[in-house]
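A.B. asks: Here are the chains, one letter per residue:
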Amino acid sequence: MVREIEPPSVQKEFLLAALAESRRLDGRLPLEMRKVDYIFGEELGCVECRLGKTAVLAQVTATIAKPRDDRPYEGFLLINSEIGPMASSVYESGRASDDEVMITRLLEKSIRRTEAVDREALCIIAGEKVWHLRLTLHFLSDSGNLLDCAAMAGMAALRHFRKPEVEVIGDEVIIHSPDERAPVPLAIHHTPLCLTFAYYENLQPILDPIHLEATLCAGTLTLTLNAQREICVLSKAGGTPLAADEIMGVVRVGVERVREMVKHLEEELEKDKSTRVVEVR
Amino acid sequence: MSSSRLEILNDGGLRHDARRPYELRSTSFLLSTSSSSSTSSSSSTGLTPPDGSSTVTQGLTSVQVTVFGPREPRQRSLAAHDRATVAVEVGVVPWASSGSGAKRTRGDKRLQEIGAAIRQTFEPVIMTHLYPRSEIAINVQVLSADGGILPTSINATTLALIDAGISLLDYVTSISIGLHLLQPLLDLSQPEEMDLPTLVVASLPSSGKITLAQMETRLHVDRFEEMLTLGTDEEGRR
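Residue numbers (this note's numbering), protein chains in the order written: chain A, 1 to 281; chain B, 1 to 238.
A portion of the hints provided could be inaccurate.
[To be verified] Here are the in silico distance ranges between beta carbons for each label pair:
1. 41(A) x 79(B): 39 to 47 Å
2. 187(A) x 207(B): 40 to 48 Å
3. 79(B) x 252(A): 36 to 44 Å
4. 22(A) x 78(B): 35 to 43 Å
5. 206(B) x 82(A): 40 to 48 Å
6. 126(A) x 127(B): 55 to 63 Å
Quick caveat, the hints were computed from the structure, so don't treat them as lab data.
All C-beta atoms, glycine included, are put in the ideal place defined by N, C-alpha and C.
Using the sequences and the hints, build the whole thing.
C.D. replies: Here is the structure:
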């Protein structure tokens, strides 16, 4: 594995000294996120999310498959998230680094295990045909906090996506092309989004660390929350030990932040919808 | 699925294995348990015995941890000039879980994640600066799995590191906490773990600070706070 060059100690000292005065290198407040931008593609279900210079492109596609024998009513949702060298030279294709495993697992837990997408609604004929959704994430550039960006892109793409309408007559399934009948959105229960906090010794936590901040921090904590004030995933693996009320502090901050983020995402989706002709009659 | 019919907490306030909500399973801690540490077998096979080992059993979950090191790193490139590096390998024996569930192999993402969690938990606790240019290898073998693999592994790793004589800042203790309706439960078994929101907490008992917290299921924020404080208190009592 390619090892990154450690940042020089001057840089480290400067960053910590600045943080002690609650200043960050890019002029943000400690608990401020970078600007989130959604760029919607031509097709439905193709969204690029930008978080500062970090960019992730998410694409949802649907095919029809046979369900598993023990779950005849459930469709599939597959999340493809391989980080290639395009994002940053430290990632090798083919071999998963520890970071990559963490990102993949957390995405899996936040989107799939929390049942964000109603999989039973993907059923066409029980035991015979179900929709098989594939969410592919392309990590375009890594300037820190890939996970949060990927979760936003993924959820945006799932909410943006529409599957073709199907009609079942007896045993026969008719799939209507989008020009015939308007495609239908997926049944989505809630919108879980990730937030990553970085910790430093004896300093207050910061939200959305850039690459340098993440390399120099003493530990990170990732929260997945939704607008209904539910924690979906919490993961703090090692790093500086924290007291319970410190964790609760960031959870409370997270709850507010996620509500704003979901609202922003919904506004963007609404804006995009108004520019698109989806209904064909 | 059989687990959906399971009664988590009956009318008498007992769990499916007749424990009270805050009762832990029977626990045993054994030190220096690795068979290869007896000198006769190791000299004949040519294997180096581990520097420390332990077996921790919590109910039907049993984990053996062996620690090698501090030693010269196997890969030169992994050495750091000012501290020791920690490498964790997690394996599950094929007969560990009873029938159900997919078989886990070495490259499994779940096992890799457990390994990464153990490594990140212990890196700040081990006084790595005392062992520059060396490696501490932690080998976790799950002998039988009945819920709570991660907390049991963390407890076993603490003991194995102590057995190996490696300097630690503090003990690390860990426990899993579940929530059934409004009632928190401690030290979950496999069927409970499948049905309930689960939180794994690892903390340093002397300061009461939390080094690891992991949760995978949807849970309301207010409930979460209760579970977190309960877990930390309970670990302090260990």
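A.B. asks: Each hint: holds or not?
C.D. replies: Cross-check of the supplied hints:
1. Taking the beta carbon of each, residue 41(A) and residue 79(B) are about 46 Å apart, inside 39 to 47 Å as hinted.
2. The supplied range of 40 to 48 Å is met by residue 187(A) and residue 207(B), whose beta-carbon atoms lie about 46 Å from each other.
3. Residue 79(B) and residue 252(A) have their C-beta atoms about 42 Å apart, which keeps the hinted 36 to 44 Å range intact.
4. For residue 22(A) and residue 78(B), the hinted distance range of 35 to 43 Å is satisfied, since their beta carbons lie about 36 Å from each other.
5. In this structure the supplied range 40 to 48 Å holds for residue 206(B) paired with residue 82(A), their Cβ-Cβ distance being about 42 Å.
6. Distance hint check for residue 126(A) and residue 127(B): the Cβ-Cβ separation is about 59 Å, which falls inside the suggested range of 55 to 63 Å.
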